[in-house]
Amino acid sequence: MFDDLRDLYQEIIIERARHPRHAKRPLRADREAKGDNPLCGDRLTLWLAHTPEGRIAEAGFEAKGCAISLASADLMAEAVVGLTPEEAEMLADAVQHLARTGEAKELPPALAERFETLLPLGGVHEFPSRVKCATLAWHALRAALGRKDEEASA
Amino acid sequence: MFDDLRDLYQEIIIERARHPRHAKRPLRADREAKGDNPLCGDRLTLWLAHTPEGRIAEAGFEAKGCAISLASADLMAEAVVGLTPEEAEMLADAVQHLARTGEAKELPPALAERFETLLPLGGVHEFPSRVKCATLAWHALRAALGRKDEEASA
Amino acid sequence: MSLRPERKRAAPVVTEEMVARWRADFPILATEVRGRPLVYLDSAASAQKPRAVIAAMVTAMERHYANVHRGIHWLSERATEAYEGARARVARFINAPAAEEVVFTRNSTEALNLVAHSFTALMAPGEAVVISEMEHHSNLVPWQMQRDARGIELRIARVNETGEIDLDDLEAKLADGKVKLVAITHMSNVLGTCTPAARIAALAHAAGAAVLFDGSQAIVHRPVDVQAIGADFYAFTGHKLYGPSGIGVLWARREWLERMPPFLGGGEMIATVSFERATWAPPPYKFEAGTPPIVEAVGLAAAIDYLEGIGYEAILAHEAALVDHALRRLSAIPGLTLWGRAQERGGVVSFTLEGVHPHDLSTLLDRAGIAVRAGNHCAEPLMQKLGVPGTTRASFGLYTTHEEIETLAEALERVREFFA
Amino acid sequence: MSLRPERKRAAPVVTEEMVARWRADFPILATEVRGRPLVYLDSAASAQKPRAVIAAMVTAMERHYANVHRGIHWLSERATEAYEGARARVARFINAPAAEEVVFTRNSTEALNLVAHSFTALMAPGEAVVISEMEHHSNLVPWQMQRDARGIELRIARVNETGEIDLDDLEAKLADGKVKLVAITHMSNVLGTCTPAARIAALAHAAGAAVLFDGSQAIVHRPVDVQAIGADFYAFTGHKLYGPSGIGVLWARREWLERMPPFLGGGEMIATVSFERATWAPPPYKFEAGTPPIVEAVGLAAAIDYLEGIGYEAILAHEAALVDHALRRLSAIPGLTLWGRAQERGGVVSFTLEGVHPHDLSTLLDRAGIAVRAGNHCAEPLMQKLGVPGTTRASFGLYTTHEEIETLAEALERVREFFA
Ligand SMILES: Cc1ncc(COP(=O)(O)O)c(C=O)c1O
Ligand SMILES: Cc1ncc(COP(=O)(O)O)c(C=O)c1O
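In the order they appear, the protein sequences are chains A, B, C and D. Residue 0 is where the first sequence starts when you use numbering that gives the first Met the number 0, and the numbers rise one by one after that. Residue 0 is where the second sequence starts when you use numbering that gives the first Met the number 0, and the numbers rise one by one after that. Residue 0 is where the third sequence starts when you use numbering that gives the first Met the number 0, and the numbers rise one by one after that. Residue 0 is where the fourth sequence starts when you use numbering that gives the first Met the number 0, and the numbers rise one by one after that.
Source of the hints: derived by calculation from the structure; they are not laboratory data. Treat the hints with care, as some may be off.
To be verified - With a cut-off of at most 30 Å between alpha-carbon atoms, the simulated DSBU-like pairs for lysine-lysine come out as follows:
hint: 1; chain 1: A; residue 1: Lys63; chain 2: A; residue 2: Lys33
hint: 2; chain 1: A; residue 1: Lys33; chain 2: C; residue 2: Lys384
hint: 3; chain 1: B; residue 1: Lys131; chain 2: D; residue 2: Lys179
hint: 4; chain 1: B; residue 1: Lys23; chain 2: D; residue 2: Lys384
hint: 5; chain 1: D; residue 1: Lys179; chain 2: B; residue 2: Lys33
hint: 6; chain 1: B; residue 1: Lys33; chain 2: B; residue 2: Lys104
hint: 7; chain 1: D; residue 1: Lys384; chain 2: D; residue 2: Lys179
hint: 8; chain 1: B; residue 1: Lys63; chain 2: D; residue 2: Lys384
hint: 9; chain 1: A; residue 1: Lys23; chain 2: C; residue 2: Lys384
hint: 10; chain 1: C; residue 1: Lys384; chain 2: C; residue 2: Lys179
hint: 11; chain 1: A; residue 1: Lys23; chain 2: A; residue 2: Lys63
hint: 12; chain 1: B; residue 1: Lys63; chain 2: B; residue 2: Lys131
hint: 13; chain 1: B; residue 1: Lys131; chain 2: B; residue 2: Lys23
hint: 14; chain 1: B; residue 1: Lys33; chain 2: B; residue 2: Lys63
hint: 15; chain 1: C; residue 1: Lys384; chain 2: C; residue 2: Lys177
hint: 16; chain 1: B; residue 1: Lys131; chain 2: B; residue 2: Lys104
hint: 17; chain 1: C; residue 1: Lys384; chain 2: A; residue 2: Lys63
Unchecked claim - Examples of chain C residues lying across from chain D (beta carbon under 8 Å, computed):
hint: 18; residue: Tyr64
hint: 19; residue: Asn66
hint: 20; residue: Thr108
hint: 21; residue: Asn112
hint: 22; residue: Ser137
hint: 23; residue: Gly266
hint: 24; residue: Thr271
hint: 25; residue: Phe274
hint: 26; residue: Thr278
hint: 27; residue: Gly289
hint: 28; residue: Leu335
hint: 29; residue: Thr336
hint: 30; residue: Glu379
hint: 31; residue: Gln383
hint: 32; residue: Val387
hint: 33; residue: Thr406
Quantities reported herein were computed from a predicted structural model and do not represent experimental measurements. Idealized CB from N, CA, C, for every residue including glycine.
Could you build the full structure based on these sequences and the hints that come with them?
What follows is the structure, encoded as structure tokens:
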């Protein structure tokens, strides 16, 4: 009955939602942003810690939400470590595009590899009402990176 | 083209609208009532003068409105003279019924004769939006007769 | 009005064939969703429309459409007749003393905002309104807004563990005589609870308060007699009653419609206007500013005709059987919690499944062709009270079948496995 | 945007055959009234609906109906797509910068009340709003109500003898800098006058005021580009635009939607709610409380598709020819007075006939199958200014024919004889 749902709820999504690895505030956090999706009540706080050179050293979050939004946050927290803010933005862009359309954007090799780990988030594109679950954490990421024109709500 | 409109706009209606005979305040007026139809803007003030025995001695009005409402007021002012308040109520009732349905109610002989002169008002029953034009003066009559439960608006 | 007594004294037997015939009246029910037959269990959010409603709207647009009132021509007279006829139909439906007490609005929400605005205009600062803990946002937020604008007090009557209004608490909140209005749902859209309207009205009136019922859900599931329950105000919405979107109803006792100042200003609602000031038309027009939902009113009247053609007795019996079936079947699923255990309830069942977020649950059910609603159901404070982020809600209409409940239950069992 | 220049530079020729084809799209036009073919000259009160609009509404109810937003199931996603698609369609239609700036309301009147309520909430007592002498009650009464509630000032800009806004007077009324909003019709429903929106907006902005246009009539007769005219707010109503009843549109610049407090409270318009307080969803949802007119939005989008399919160039050319014809033909009738002689005008012609009350005139025309409107047209103060109890108004749609104007003129000549 639900075999085709495995596109959306891949093992990794269920696994990460149940046992997230980055659901905590990093000790040296220097940026914080909140994201919320008023339509479904999902809420998330994201923290970033940066290296002296301005790369992301660590990311962590606290969230209430569905499996997709939790897994998305956890996968993100992993994927952005080591990136410059510009690279993180590019990655966020690609994930948002993926979630909406199911299509992968062309990315520089360094990012392309990380993007691979995020492909399971593309399953939502068939479920318009769930796209925001997958992108909430990425909106918060942009907010934490300090882009003024970006609202921290999906 | 308009031959069938003669049902509604009988000679007497056009004649009375153009040259009303009772469009004035009776000198000895002892009752006054206003009627207005907010939907079309027709407005009317009605005055009654009574005999010592309580019969209507004279009726007069001042009005702004269409031919039907003016003619109705003028015909009314004529028809009610000499009636007791109860008789006037019965007549008002019969006219309102006539305007809505086109049907004549059974009336005592004395009233039946007066009612004959009002039959031209029955033409409106085919024109729901004009029924109130024909009945406005009669609503005001009830108000002037002092029936508390009757509003002076058609 | 209670379900159980109805059923005891030989409720009509609703056979599968009858329900099949009703279903045939709803074109959308033939839809396939993601390759499976649609199982529509979201009627409490909005009900589907029978052909009779759609046809009435089409006829209204193809045969006798024009703006209503003031129009001195044949088409406008026909449209006005249809529109005012719909008002009279609604009045008969809820046993209102007069058609002039029926105000057409955009939806329940607008009806509730109207009362919140125009009733509190008659109140003095410090006077109070009581609502309950299980109100829909539409019967909470408008009162909060007026509380802040006018300095009145807003009191919240408790809901007990079974999901029923705590009448002792309500009485206590009425005790100081400051309350001018009790505004309470007639049926919870989350818990399914039907509230004891007549008793609430009696308590309110004894304390000198008027009473409003939010009948958005209740009227879909049971006959409503506004006089019998002693209401001062009753609000409901067309789209949940198998009628069109874009129309709602506020019934109010004439006295209130006369006393309250108008809500929106504009065409149709005035008696006279100058550049300096306006005077108001008599009710209901005073509260119907601008061109009303003409075609929607005709559709709503057709929905009422359709419903009464089937009859509330049959609808009550069918829905009671569906609810019994669903409660029995779902409560047997391990890890599933049912929310709301009121004695008196309509065709709404809320639940959570351990370890599965309501949104994920919804998506999984959708994959099986099953439409349910997940989230806080516009009753966020109630969720906070229940201590859940949200629930999944299956809600039934007259076209719901027992087979569909089985499909839901089986799907829920599969979801558990999927997430195990 | 002017009619005459359009026509000078080779306006499209609209042939009788084209109009006949358009007419065939409107089922109701085949109606017989009192034994004669319907001559519908009351489109300014409400326009008839083309088959495409009716069909879109039927499809919305038979194929993809459910409540919108929050619904995590296929039908709700389809309904949400259709509803949000309609919002985007409206945005494109008026060249709004973003779909989120389009708020769906019940009608123009509600849109205008929304701004009257929520904009004046940002004003201080003593600050002012300017409207004009030719406003519809719906753009007058809401401001009077807020004036009385909030102690703001309401100024009324003069209309000159030809029926145009007196721009000098408007400028004078703006001079002291107290005015925060200019709210003026984009086309008079009585006089047909189209107002110079871009100039009014420039005057308003120069004086530090925002500007609202009541486009209820204008948008039916000409393309509207809210950015080009420099509007802050633009309101219109579905039923006059060949669309459904029960829906209106408020477009507003995002900045205003963000700054203004909400109007109605309830479901859909909140971000978070507790028993104590609520926070608001982002625009447009903040201003859309409760279940919106879902099916009506789909119908409105279909009406816009239909209109743009025909094209405003053709509509403008056709209506300009009709107005020319009507003015020429009617002004030749002895005893007939035409009201409103503005250069820029849409398809609306108001007149009085000496010795015949407008209501009697209407009834007589109705007998000939001709639907016109009589009375004060929800513009009572304008009537007082003109010194007439009311007028008779013939208004044209894209389906109006030159033959119908002849029928009207002949009937008017017979009415004169009848009353002679
Ligand atoms: C200029 C103008 N403004 C506002 C309105 C009000 O429109 P609605 O009745 O649809 O709210 C109308 C139509 O009646 C109008 O012509
Ligand atoms: C109990 C209750 N009240 C009010 C509403 C609001 O109805 P609407 O959205 O039609 O205004 C609803 C439905 O959403 C409801 O269930």
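A quick look at each hint next to the structure:
With a C-alpha separation of about 12 Å, the suggested pairing of lysine 63 of chain A with lysine 33 of chain A holds against the 30 Å cut-off. Note on lysine 33 of chain A and lysine 384 of chain C: the hinted pairing holds, with a Cα-Cα distance of about 24 Å set against a maximum of 30 Å. Restraint check for lysine 131 of chain B and lysine 179 of chain D: not satisfied, since their Cα atoms lie roughly 43 Å apart, outside the 30 Å limit. Distance hint between lysine 23 of chain B and lysine 384 of chain D is fulfilled; the C-alpha atoms sit about 27 Å from each other, no more than 30 Å.
The suggested pairing of lysine 179 of chain D with lysine 33 of chain B is violated, with an alpha-carbon distance near 41 Å, which exceeds 30 Å. Our distance criterion of 30 Å between C-alpha atoms is met by lysine 33 of chain B and lysine 104 of chain B, whose separation comes to about 27 Å. At most 30 Å may separate the alpha-carbon atoms for a hinted pair to count; lysine 384 of chain D and lysine 179 of chain D meet this at roughly 26 Å. The hinted pair formed by lysine 63 of chain B and lysine 384 of chain D meets the criterion: a straight-line CA distance of about 17 Å does not exceed 30 Å.
Restraint check for lysine 23 of chain A and lysine 384 of chain C: the C-alpha separation of about 27 Å stays at or below 30 Å, so the hint holds. Distance check on the hinted pair: lysine 384 of chain C and lysine 179 of chain C sit about 26 Å apart at the alpha-carbon level, within 30 Å; holds. A threshold of 30 Å between alpha carbons decides the hint, and for lysine 23 of chain A with lysine 63 of chain A the separation of about 13 Å falls inside it, so the pair holds. As the CA atoms of lysine 63 of chain B and lysine 131 of chain B are separated by approximately 14 Å, the hinted pair is consistent with the 30 Å bound.
Distance restraint check for lysine 131 of chain B and lysine 23 of chain B: the Cα-Cα separation of roughly 22 Å lies within the 30 Å cut-off, and the hinted pair is therefore satisfied. Distance hint between lysine 33 of chain B and lysine 63 of chain B is fulfilled; the C-alpha atoms sit about 12 Å from each other, no more than 30 Å. Annotation: proposed proximity of lysine 384 of chain C to lysine 177 of chain C holds, straight-line Cα distance about 26 Å (limit 30 Å). This hinted pair checks out: lysine 131 of chain B and lysine 104 of chain B have alpha carbons roughly 19 Å apart, not beyond 30 Å.
Taken as a hint, the lysine 384 of chain C and lysine 63 of chain A pair is honoured in the structure, with Cα atoms around 17 Å apart against an allowance of 30 Å. For tyrosine 64 of chain C, the shortest C-beta to C-beta distance to chain D is roughly 6 Å, which falls under 8 Å, so the interface hint holds. About 4 Å separates the beta-carbon of asparagine 66 of chain C from the nearest beta-carbon of chain D, less than 8 Å, and the hint is met. At about 3 Å, the closest approach between the beta carbon of threonine 108 of chain C and any beta carbon in chain D falls short of 8 Å, and the interface hint on this residue holds.
Taken as an interface hint, asparagine 112 of chain C checks out: its beta carbon lies about 4 Å from the nearest beta carbon of chain D, inside 8 Å. Against a cut-off of 8 Å between C-beta atoms, the interface hint on serine 137 of chain C holds, since the closest Cβ of chain D lies about 3 Å away. Restraint check, glycine 266 of chain C versus chain D: the minimum CB separation of about 4 Å is within 8 Å; hint holds. Hint status for threonine 271 of chain C relative to chain D: holds, with the closest Cβ pair at about 7 Å, below 8 Å.
Taking 8 Å as the C-beta cut-off, the interface hint given for phenylalanine 274 of chain C holds, the closest approach to chain D being about 5 Å. The restraint placing threonine 278 of chain C at the interface with chain D is violated, with a minimum CB-CB distance near 10 Å, outside the 8 Å limit. Taken as an interface hint, glycine 289 of chain C checks out: its beta carbon lies about 3 Å from the nearest beta carbon of chain D, inside 8 Å. Because the smallest distance between the Cβ of leucine 335 of chain C and any Cβ of chain D comes to about 18 Å, over 8 Å, the interface hint for this residue is violated.
Interface restraint check for threonine 336 of chain C: the shortest CB-CB distance to chain D comes to about 20 Å, outside 8 Å, so the restraint is violated. The interface hint given for glutamate 379 of chain C holds, since its Cβ lies 4 Å from the closest Cβ of chain D, which is under the 8 Å cut-off. A distance limit of 8 Å between C-beta atoms decides the matter here; for glutamine 383 of chain C the minimum to chain D is near 7 Å, and the interface restraint holds. For the restraint placing valine 387 of chain C at the interface with chain D, the shortest Cβ-Cβ distance is roughly 15 Å, beyond the 8 Å limit, so the hint is violated.
Taking 8 Å as the C-beta cut-off, the interface hint given for threonine 406 of chain C is violated, the closest approach to chain D being about 14 Å.
Hint compliance for this structure: hints 3, 5, 26, 28, 29, 32, 33 are not met, and every other hint is.
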